[in-house]
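Q: Each chain is listed here by its residues.
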Amino acid sequence: MSGDFVQYAYLLSAVLLILGMRNLGSPKTAPRGNLLASLGMAVAVVATLLIQEVVSYWTVFAGMLVGSAIGLLLALRIQMTAMPQMVALLNGFGGAASALVSSAELLRYARDADASLGGIVPLAIALGVLIGGLTFTGSLVAFGKLQELLRGQAVVYPGQRVVNGLLGLLVLCVTAAMVLDPLSLQWFYGVLALALLLGVLLIIPIGGADMPVVIALLNSYSGLAACATGFVLDNAGLVIAGSLVGASGLILTKVMCDAMNRSLGNVLFGAFGAVDATAGSSGGAPDGRTAKGYTPEDAAVIFSNARSCIVVPGYGMAVAQAQHAVRELADLLGSQGIGVKFAIHPVAGRMPGHMNVLLAEADVPYEALVEMDHINPEFPETDVALVIGANDVVNPDARTDQGSPIYGMPILDVDRAQHVFVIKRSMNPGFAGVQNPLFFNENTMMIFGDAKGMVLKIVEAVKALS
Amino acid sequence: MLENPVAALTILVLAIFVGFEVIAKVPPLLHTPLMSGSNAISGIAIVGAILSAGGEDQSLSTLLGFVAIVLAMINVVGGFLVTNRMLRMFKKRPERQ
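These protein sequence lines map, in sequence, to chains A and B.
Be aware that the first sequence starts at -18, since it is given in my numbering, and climbs by one per residue.
Be aware that the second sequence starts at -2, since it is given in my numbering, and climbs by one per residue.
No wet-lab data here; the hints were simulated from the structure.
Beta carbons: idealized from backbone N, C-alpha and C, even for Gly.
The reader is advised that the hints may include incorrect statements.
Said to hold, decoys possible - Each computed DSBU-like pair below joins lysine-lysine, with the alpha-carbon atoms no more than 30 Å apart:
no., chain 1, residue 1, chain 2, residue 2
1, A, K9, B, K89
2, B, K22, B, K89
3, B, K22, A, K322
4, A, K273, A, K322
5, B, K89, A, K438
6, B, K88, A, K9
To be verified - Interface residues of chain A toward chain B, partial, derived using beta-carbon atoms under 8 Å:
no., residue
7, A56
8, S84
9, H335
Here chain B stands alone, though its shape is the one from the complex:
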């Protein structure tokens, strides 16, 4: 679907704008979880890695793809879990008795 470079660049530019709009509103309080969460999202390279490693031929490309799967999966799992761990710590002031 990206054969047409114009369509591809359109997606790219619009996605960057969406990114700016969405993230500009995140308060400094949450900057660290935002980073670890976006870390996890950059693990989206897992999609590419699956395509590289899952192909029919066994070759160097498959090996590279395998290593890429491991690294990307560390990102995805590690990133989302540690973000969740952090976010659970952000608490409101407790109602004092």
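Just chain A, same shape as in the assembly:
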């Protein structure tokens, strides 16, 4: 098959991928977008199979078959609450695939005595191995934390920044050596080992609630690694698709950082959420007020006089798998003439858009899900704000207490509602390790217990009253 034909096919593939991602921008067109993008991918794969140099079809088809089967199982089996883990894992596989391809190409050059490596290729190989390798191990660590195979908290040790700084410097030097002398494989092995190590060390100091940033960033890296592979193989299709993913991940990374009012550097190196004896003592109830525990029946009484309710879901809703119960409550309240909306904080949950997916799974119509900036002006006119498993994103200290670690983070202004119910397991401080003065407010009613169980009890109590 002629090379020109293949290039045209890649162009078509790139157009389909771009159109697909554009259609992902609205819930109505998104399914079509996903279809277009997968069509684009199919075009690229078929075109590649037709390239003359591809002769070992059995190897290729065997690999595709095994991969498809595993992918199919994953996609059908995964629970929506586990989407962050799935995305983390896929990021890792993408990075690993790119690193493997770059390595394979280098080894091929190294075996061929007449081979000469010039131009941009050595740099591209080095970057493919480096970015792909650290994306792989970094994603595995993120996966381990999300799946709770590893401790979710930030892991810190003395001199961590110095170690990471020195390691970074070492990586730069070894990578430079590899670029200058690519066919001496010792540098390649060095870069590979350092990349794998760096991925682990960069992600272990990052705590659970910062995972949305990490996943978005690793997503971006997996695209950039594919992009580097494109330069290695002289393949424009790879470059275009890879940079699309890279750009998408970078945008999401920025959106997530802005939503916490923190810089990317602070998220990556701030070791936020480490177990820290001094945190947790700040804030709270300085005047000796105590949080008041109430029952689901108390909540039902308040609801019987309410006209409007805003539900604020957090990671606790995902952990308790409470989304269906929450939908049931929302439907019940709606049938009693209470207007119910959902306020979604951009970093609620463990990945961008986590809460939206869970509520969509529970058949909550997406018009009822409102972004932070649009819903905040509505809280003062709202009778009940129902906080389910969210903590730091509703902490008023972020607005007022300059000494608080989360000061400046945009929050949902639930404390301005007439009544606030907070369903929470215990008084343990949230991820940031800071106490939440919301819990001690006059208008706040704490309902202690498992999110799902408590929501179902509120449903029962509301039914009993009506």
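Got chain A sorted already, so can you dock chain B onto it with the hints?
A: Here is chain B on its own, set in the frame of chain A:
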């Protein structure tokens, strides 16, 4: 076609700009499907993997290419399918009778 580094970098830079423009408009509602969908697209490394594994010589490179095909294909198939599964769940408010 990428021998000329200027042409290659041109493609790279323009593609990144297109990416920014296209994705900046995606609402937070769809951020998770966007991530899993772009996950699938990063499986484009499958193209490189096919070239590595499909070559004539049987060697370590072929083996690495084979593993890369498996991993990239998990990305492509898993990513697109799970995105489709998610997107089908996003529904408008039903017309209540």
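Q: Could you tell me which of the hints above the structure violates, numbers in ascending order?
A: none
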